[in-house]
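Visitor: Letter by letter, the chains look like this.
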Amino acid sequence: MNATVTAPVRRSPLAHRSAMSAPDDLLHLSERAFDAKIVLRGLPEVLAPAIEKVTGLAMPEATRSTANDAHRLLWQSPDEFLLLGPVDGEPELMTALTAELDGRHVQIVNVTDYHTTLVLSGPKARETLMTLSTLDLHPRGFTVDQVAGTTFGHALGWLVQTGDDAAEGGPVFEVLVRWSHADYLFCELTHGARAFGMPEARPVSGELMEI
Amino acid sequence: MFVIDCPNCGARDQSEFTYAGEAHIARPTDSENMTDAEWAEFVFMRTNTKGLFAERWWHATGCRKFFNMLRNTATDEIHAVYRIGEKPPKVTADLPATPAGEASIGSGNDAVKIMTRDEEAAS
Ligand SMILES: [Zn+2]
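The listed protein sequences correspond, in order, to chains A and B.
By this note's numbering, the letter at position 91 of the first sequence is numbered 91, and the numbering carries on one by one without gaps.
By this note's numbering, the letter at position 33 of the second sequence is numbered 1033, and the numbering carries on one by one without gaps.
There's no promise every hint is true.
[Unchecked claim] To give an idea of the interface, some chain B residues facing chain A are shown, with a C-beta separation under 7 Å as derived from the structure:
1. N1008
2. D1013
3. S1015
4. E1016
5. G1062
6. R1064
7. K1065
[As the list claims (entries may be wrong)] Pulled from the structure, derived: some chain A residues nowhere near chain B, Cβ distances all over 12 Å:
8. R11
9. H28
10. T66
11. V144
12. R202
[Said to hold, decoys possible] Residues from chain B that keep clear of chain A, each with C-beta distances beyond 10 Å, as calculated:
13. A1040
14. E1041
15. A1054
16. T1073
17. V1091
Simulated from the structure, these hints should not be mistaken for lab results.
Glycine included, each C-beta is placed from N, C-alpha and C at the ideal position.
Using the sequences provided together with the hints, build the complete structure.
Guide: Below is the structure:
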């Protein structure tokens, strides 16, 4: 009998959960795993030409991000930036950035499998995040393209607003959270959205996490 | 709880920060010739000021950078936030005139009494 060997397949940290929604499109919560994620450290003026050449993006101001169709560049600290790219795009980005920055005093690290992305959209996305965060999340205090590293409950995460409040369907937020914290944060977000009719998070498989 | 103005990230809740001790303590340069007592002085001894105090804070969840702060340890009022390597700005801070007239240095030691403004004017 011949055994079939298949290539290893990645399994996202929330593979056992399905995307969830509150009634009337008040809130949609889902995971988008495997985006290319690369941390670039170095002086912005050193990184800028390489990032511009590889992705077409300009360097973001403090607490902001810049984006085009394929990439988003998040400010994380005065000398640290997180580049997001298309799924499976990380080897190409790593090669191109490493070549462009060869010999410069920089650090380029592939963190694709370190974080996963939770996507919240809808008119109640802000209020849901408010249940877990101390950030000023009023539309005047947190605007599109803004970035903040903070805690959501017990989990550390990076919040970025990717969709405008005025757009149809309400604002869109993405939370980059560590792989091992993703399940906790997913459950806490659904819990925080219970007031808007969000059902309880029930795993497709595995154990029920009680919070 | 109070809000801290991170020099990089702006106003954020205190829960995002970690306290990192007294500021402006220079690391000794001739460490190989230091006595144990001198090491102990550098490592452990702090001024424990009641009132205006220069201290380091670390924005643990945001930019993960250290910065300095001038804080009134008696009132938690933050008088200035400035970057590592910068000199503390000149500010003035009043200790609160408490009924007990607590000491300006240490805690509970009332060998040194603070006078309220009214008492000072009357004396
Ligand atoms: Zn900061």
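Visitor: Is the Cβ of R11(A) more than 12 Å away from each Cβ in chain B?
Guide: holds (28 Å)
Visitor: Taking the shortest Cβ-to-Cβ distance between R202(A) and chain B, state whether it exceeds 12 Å.
Guide: The claim holds: R202(A) sits with its nearest Cβ about 30 Å from chain B, beyond 12 Å.
Visitor: Does the closest beta carbon of chain A sit nearer than 7 Å to the beta carbon of R1064(B)?
Guide: R1064(B) check passes; min Cβ-Cβ to chain A is 6 Å, inside 7 Å.
Visitor: If I take the minimum Cβ distance from A1054(B) to any residue of chain A, is it greater than 10 Å?
Guide: holds (22 Å)
Visitor: So is V1091(B) really clear of chain A, every C-beta pair being over 10 Å apart?
Guide: holds (25 Å)
Visitor: Would you say T1073(B) is clear of chain A, with no C-beta pair closer than or equal to 10 Å?
Guide: holds (23 Å)
Visitor: Given K1065(B) as an interface hint, is the shortest Cβ-Cβ distance to chain A below 7 Å?
Guide: holds (6 Å)
Visitor: Is the nearest CB of chain B more than 12 Å from the CB of T66(A)?
Guide: holds (18 Å)
Visitor: Is the interface hint satisfied for E1016(B)? The criterion is a beta-carbon contact with chain A at less than 7 Å.
Guide: holds (6 Å)
Visitor: Compute the least Cβ-Cβ separation between H28(A) and chain B, then decide whether it is above 12 Å.
Guide: holds (26 Å)
Visitor: Using Cβ atoms and 12 Å as the threshold, tell me whether V144(A) really stays out of contact range of chain B.
Guide: holds (17 Å)
Visitor: Hint validation: N1008(B) versus chain A, beta carbon distance must be below 7 Å. Holds or violated?
Guide: holds (6 Å)
When the structure is compared with the earlier hints, no violation turns up for any of them.
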